[in-house]
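Visitor: Letter by letter, the chains look like this.
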Amino acid sequence: MGLYRIAAEPFTLRPIASFEPGSGGALRAASAARPQVWLSRVPVNRLHDVVAAEVSATSTSHTPMLRPTSVVHHFEQGSSTLSLGSSMRSVRLPGVTDRLNAITSDQPGCLTISVGGDLVSPPPIVSIIWSLVEQQRLPAARGLLSMLPDGPEYKRIRRLLQPPATKPSLRVDRNRAAEYGWLRQHAKEFTGKWVAVSGNELVAVADSFKQLRKKLAETPHEQTPLLHYLE
Amino acid sequence: MATLQLDGANFSGGRATFEDNLPSALGRSARVYVKIAVNGLAEPILVLLDTGAEYSVLAREVAEDVGLDTADGQATTIEHRGGSTPGKLIRTTVTMVADEGMSLDVDATVFVPDNGWPPGRSFIGYSGFLSHVRFALDPQNNDIYFGGYDQ
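Just so you know, the sequences run in chain order A and B. So in the numbering used here, spot 78 of the first sequence is number 78, and the numbers just go up one at a time. So in the numbering used here, spot 78 of the second sequence is number 309, and the numbers just go up one at a time.
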């Protein structure tokens, strides 16, 4: 999977580059003098959107083939060309259409495009989203949601990745300064324990949260205690 | 005072005291703890406020106690500084509990780690939680002011 960085507003480009089948994801571009990849159907709505595009080949071979795995270049504003570097050569692959998965970068004004390395079975967009989730790149993962097709099978991923929503709550509590004071004073005595503290008093202590809750249920206490695990 | 104002408009709706001086066996300091509540649990729990964390994490034993461990979610493995941890992403409501003014329900996705996570460690993180909460810290008075964007 190669990475390409783009800094451009919405663009629509003509496809003339592709992977070579069986090359392990090598990407071949069009011009030996100025290797280029032209993208088509790139629905970039915002700079932070994540997009997908199809890349097709219309050129014939030159050498060597271009391996995009270490390539990162910038797309100038308004440009329609992604330059792949002067040291790279190009080939032509007529009639081949591949998929290019494009993912925005975390940097404002830039997109990072990842090129799927498997010609036969490019990574489905859901896999890319979860991969980003695992890498703790939530904004990028959220940006891909707009690419998912409609359907009940995507309801869960949409809900899990939707931004948080807030509303006022009727739940109330009291000032816990006294409990904090107790925790500061006694934390080291109860390291590795769950504690329930109310005011200046320890209501219950246990090795596990489950045990703590059980003790609380068995222990009379007038006010709701504060629960904490002391690391 | 529960409400901060910014340019004449309400910035926050609730205030609570936070704790930033708890001794720890880990030897770290300057950690800000705030109290939260989760559905199904009458008692508030004290958790870390971690603006450097992408996710919010709810300790598995707390999640199990309120039945969140069996909620519909997505099994995943989260990569972090300490390695990677398998667990489950779950959508739930976490309440930032106020001492004064209005508490705040946050419908958020939290990560419930499987075994291998430090016991009892929960925190509210940035992208899936705090990014949509207005909050301000008053370190001299240990007050946290918070509210939604529709205050």
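Honestly, I wouldn't trust all of these hints.
When the alpha-carbon atoms are kept at most 20 Å apart in a straight line, the in silico SDA-like pairs for lysine to any residue are as follows [unchecked claim]: (1) A/Lys215 to B/Asp296; (2) B/Lys319 to A/Gly181; (3) A/Lys155 to B/Glu295; (4) A/Lys155 to A/Val126; (5) A/Lys193 to B/Arg322; (6) B/Lys319 to A/Gln162; (7) A/Lys193 to A/Ser208; (8) A/Lys193 to A/Asn175; (9) A/Lys167 to B/Thr323; (10) A/Lys155 to A/Asp173; (11) B/Lys319 to B/Ala261; (12) A/Lys167 to B/Thr324; (13) A/Lys155 to A/Ala178; (14) A/Lys155 to A/Val172; (15) A/Lys210 to B/Glu292; (16) A/Lys210 to A/Pro220.
Derived from the structure by calculation, the hints contain no laboratory data.
Visitor: Evaluate each hint against the coordinates.
Guide: Verification of the supplied hints:
1. Annotation: proposed proximity of A/Lys215 to B/Asp296 holds, straight-line Cα distance about 14 Å (limit 20 Å).
2. A hinted pair counts as satisfied when its Cα atoms are at most 20 Å apart, and B/Lys319 with A/Gly181 does not qualify at roughly 34 Å.
3. At most 20 Å may separate the alpha-carbon atoms for a hinted pair to count; A/Lys155 and B/Glu295 exceed this at roughly 24 Å.
4. Between A/Lys155 and A/Val126 the alpha-carbon distance is near 12 Å, which keeps this suggested pair within the 20 Å criterion.
5. For the given pair, A/Lys193 sits about 28 Å from B/Arg322 by alpha-carbon distance, which is inconsistent with the 20 Å threshold.
6. Restraint check for B/Lys319 and A/Gln162: the C-alpha separation of about 16 Å stays at or below 20 Å, so the hint holds.
7. At roughly 7 Å between alpha-carbon atoms, A/Lys193 and A/Ser208 fall within 20 Å of each other, so this suggested pair holds.
8. With a C-alpha separation of about 23 Å, the suggested pairing of A/Lys193 with A/Asn175 is violated against the 20 Å cut-off.
9. Distance restraint check for A/Lys167 and B/Thr323: the Cα-Cα separation of roughly 13 Å lies within the 20 Å cut-off, and the hinted pair is therefore satisfied.
10. Our distance criterion of 20 Å between C-alpha atoms is broken by A/Lys155 and A/Asp173, whose separation comes to about 35 Å.
11. The hinted pair formed by B/Lys319 and B/Ala261 fails the criterion: a straight-line CA distance of about 29 Å is larger than 20 Å.
12. A threshold of 20 Å between alpha carbons decides the hint, and for A/Lys167 with B/Thr324 the separation of about 10 Å falls inside it, so the pair holds.
13. For a cut-off of 20 Å, the pair hint linking A/Lys155 to A/Ala178 is broken: about 45 Å separates their Cα positions.
14. In summary, the hint linking A/Lys155 to A/Val172 is not supported, as the alpha carbons are separated by about 33 Å, beyond the 20 Å threshold.
15. For a cut-off of 20 Å, the pair hint linking A/Lys210 to B/Glu292 stands: about 7 Å separates their Cα positions.
16. Restraint check for A/Lys210 and A/Pro220: the C-alpha separation of about 17 Å stays at or below 20 Å, so the hint holds.
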